[in-house]
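Student: With these hints in hand, go ahead and build the complete structure from the sequences.
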Amino acid sequence: MRFECEKHESFEVSLPLTETNPAEIRKSIIGAQEYLATFPQIDCKVSHHFSGDSYAREILLPAGSLVIGKMHKHAHVNVISKGECIVLTEEGVKRLSAPITFISSPGTKRVVYSYTDVVWTTIHVTEETNLEKIEELIISPSYNDLDANLLLEKI
1 MRFECEKHES
11 FEVSLPLTET
21 NPAEIRKSII
31 GAQEYLATFP
41 QIDCKVSHHF
51 SGDSYAREIL
61 LPAGSLVIGK
71 MHKHAHVNVI
81 SKGECIVLTE
91 EGVKRLSAPI
101 TFISSPGTKR
111 VVYSYTDVVW
121 TTIHVTEETN
131 LEKIEELIIS
141 PSYNDLDANL
151 LLEKI
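Every letter in the sequence shown is one number past the one before it in the numbering used here, and letter 66, counting from 1, is 66.
Note that these hints are calculated values from the structure, not bench results. Incorrect hints may have been included.
In the DSS-like style, the derived pairs of lysine-lysine whose C-alpha atoms are separated by at most 30 angstroms in a straight line are [said to hold, decoys possible]:
#	residue 1	residue 2
1	Lys45	Lys94
2	Lys133	Lys82
3	Lys70	Lys94
Tutor: Structure below.
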C-alpha cells in the first residue's frame, strides 16, 4: 500500500491485503509496525473515561494517519463514532465508517489508515483507574505473551 501523509514524504508499506494465513498477516503487521517506528510519530489526542467497572479509551486519529494499534488481552467493545478508515487484521481488510460498534477478539492487532478524522473508543471492564495498571491488565506486549496468557486462562 502506498500512503501520502501531510507530515511525511510518500512511503510504502507492504501489507498482505490478499493474504489469508493469520500467521503471515501477524508477521506483516509486526514488520509494518517496526518499519513505521523509524518515522516521526504523530500525536493522537487520547481521552480517558471511567464509570464504575468500565474504562473507555477514546482516540482521535487525524485524517491521513497510519496507526498500528495495541493488542488487547481480552475481548472488548469498539465504537467508531466519527470518520472512515480501512483496517487490516488477521481476519482481513475492512473499510469501516461511523457510526459502528463491534467486538474485538483477544489478540486482535490492527493497522488502521484514516481517510478522515476518526474517533475510535475501546471499552474495557476494569475497576482500575491508574492508567499504567490498566495497560498492564489489558494490553499484551507481544503475540507470544498473549498466547501464554490465553493458555493460562484455559487451565
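Student: It remains to establish, for every hint, whether it holds in the given structure.
Tutor: For each hint, the structure was consulted:
| no. | hint | result |
| --- | --- | --- |
| 1 | Lys45 - Lys94 | holds, 24 angstroms |
| 2 | Lys133 - Lys82 | holds, 28 angstroms |
| 3 | Lys70 - Lys94 | holds, 18 angstroms |
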